[in-house]
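Chains A and B supply the protein sequences, listed in that same order.
Okay, so the first sequence: first residue is 1 according to this note's numbering, each after it adds one.
Okay, so the second sequence: first residue is 1 according to this note's numbering, each after it adds one.
Think of the hints as simulated: they come from the structure by calculation, not from any bench.
No residue lacks a Cβ here, since even glycine has one placed at the ideal position from N, Cα and C.
You may find that some hints are simply not true.
[To be verified] Footprint (simulated), chain A over chain B, 3 or more residues, beta carbon under 8 Å:
(1) 45 to 57
(2) 80 to 92
(3) 196 to 203
(4) 267 to 273
Each chain is listed here by its residues.
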Amino acid sequence: MMKVETSRAVLTGKHFLSGDYACAEGAVAAGCRFFAGYPITPATEIAERMARRLPEVGGVYIQMEDELGSIAAVIGASYAGVKAMTATSGPGFSLMQENIGLAVMTETPLVIVDIMRGGPSTGQPTKPGQQDMMQAKWGSHGDYEIIALAPSSVQEMFDLTIECFNLSERFRVPVFLMADEIVAHMWERVIIPEPEKIQIVNRKKPNVSPADYLPFKPDEDLVPPMACFGEGYRVHVTGLTHDERGYPQTDSPEIQEQLVRRLCDKIRKNADKIVRVKEFMLEDAEVAVITYGIPARAAVSAVKKAREEGIKAGLLRLITVWPFPERQIAELATRIKGIVVPELNYGQIVREVERAAKGTPVHFIPKFGEALHTPMEILDGIRRMK
Amino acid sequence: MSESESLVLHPFAKYLRLDRFPPIWCAGCGCGIIVNCFVRAVDELGLDIDKMVVVSGIGCMGRIAGYLNMDSFHTTHGRPIAVATGIKLANPELQVAVISGDGDLFAIGGNHFIHAARRNIDMLVICSNNFNYGMTGGQVGPTTPLEAFTTTTPYGNIEHPFNLVHLAAASGAVYVARWTALHVRRLTESIKKALQKKGFKFIEVISPCPTLYGRYNKMGDPIQIMKWYKETSEIKHGIDPTEAEISSSRIVVGEFVDIEKPAYDELIRKLILNVQEKLGGSQNES
């Protein structure tokens, strides 16, 4: 890629941006220099901004023939040594699932932004939803772990996109930014820091000669250093079960178990380093709202109103949804009377909350279609659980 | 390894991952011939194999990526061209070749083929066309001739096959050729020519599958298939690809397209330079 002055990549200063634009700026600031996508509401503006911005910083934008091609091209670009991303919504995310498995299996760092809308199928393309949360975790076949973050503001569309890239490079895993139509289309103030104040993580490179390099031999953190194409390491990459040399081993139960365990454990065993949650008024809380993404905005008002009524309420906002913040929720559940979970779906993350809360009562508030949860609706849930 | 053993190493051994041999391919299969012609072309051109990437999909021919001692990606079914697109555009210094089968490239992956050709992505695509799905046991595919028998056309095929060279030419490929697995010297020369040319290049290789397609169509003997290629193939350079027929009595081979057109990576580099020139240095603090 061409050398570029960082000031052109990082637009330091105060901006008024949509969530989709902020996401694109976050990607460019994180060092993303390849975007392959396919137009889809409500994620299209990310592609539009990337088409304009990437050439400015020496990067490549390509509009592919479909989402199958988009994710495949992103995998190829990442293996050619360039940070790469695609952005889509539910229908496109569904089409990407098979190659998400390829990215997991080949330990390809990449970022997928899913601006969730109403489903199933074509559903409500211009309306918000949080209906792909389980698909993000389980959409591809086989046992695997990924990382997914949930922004609830335009600022977080910028910040968390950078974090997605850092996590994907650190753990060699696809990372998803699971946003919704409102966060994507909402305009808010965004502060873009100076380049030197933005933490950037790059993938580990091998420090041995090609003759001694085993492409899928992990370090102690379970992540193998990554040689890219053209660097002289002559790497063979396959979606088949493979040994540390990268060679297919389709008959060995031991190698299958060893590989699948490592692919999962590099995320599970590093969960404490990955997981981020945000607490609000939880210190003395008796009722906790647990949510993520845009419903957290209404939940803040609901918690404040509950406090005015004398109910000791608090909020646990999940910034990381996958790996699931089990430990944090389990600990919280031991000291509260009840949990309220608002989601823009008919029951996805609430099941994980119930599992982690181990018996602490959980009240679920589903929501479909155009309307967001109002603070009063969440407050009503808090009142029930006090 | 004893001295006598090291003496018998094939001159192309350096291009192969010998610790993975023997390959999975059946006796009489054309895949090994394609490997041979490809590495011979690379060798004769003296290409820097550290700057080459071979991308394949799923199927018998898809296994080639794992046998070559160079950067290689064995992708998902149908997606090698899309993965190769990302590789090429992210690092234009790399020489990218996609080598895969007819089912992978033209059934499940057909959309990527026509669009990569239309965009003129700089890559060489070699298709091993054996008229059926070999890896899964000999099912009908997009190139299976009418009336042919496969495990899923037990009463004869009623689907019209693609003419791959016509499809490639119509989609915009800058170089289009067809050979059979018998034409090893011409195929090697064709690969050499294509590797030296910029843009989307396509070479179809009519390739024997004696184990499945052959047995189901009374041609289970590899020698018999090679004789069929010898007796019926006809070299017709430069003819309209629509006339490049494949039938039991005639296989038209040759080079059908050889044109010049700017490749995608050249155009995007130019676009980037133009954008950056317009921005100059003054845009930096916005």
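Establish whether the coverage given for the stretch 80 to 92 of chain B by chain A is satisfied; the threshold is a Cβ-Cβ distance below 8 Å, and no fewer than three residues must meet it. As far as the stretch 80 to 92 of chain B goes, the hint holds, because 10 residues have Cβ atoms under 8 Å from chain A.
message: At least three residues with a C-beta closer than 8 Å to a C-beta of chain A: is that true for the stretch 196 to 203 of chain B?
response: violated (count 0)
For the stretch 45 to 57 of chain B, do at least 3 residues have a Cβ located nearer than 8 Å to some Cβ of chain A? Per the Cβ count (5), the hint holds.
Original post:
Are at least 3 residues of the stretch 267 to 273 of chain B within less than 8 Å of chain A when you compare beta carbons?
Top reply: holds (count 3)
When the structure is compared with the earlier hints, a violation turns up for hint 3 alone.
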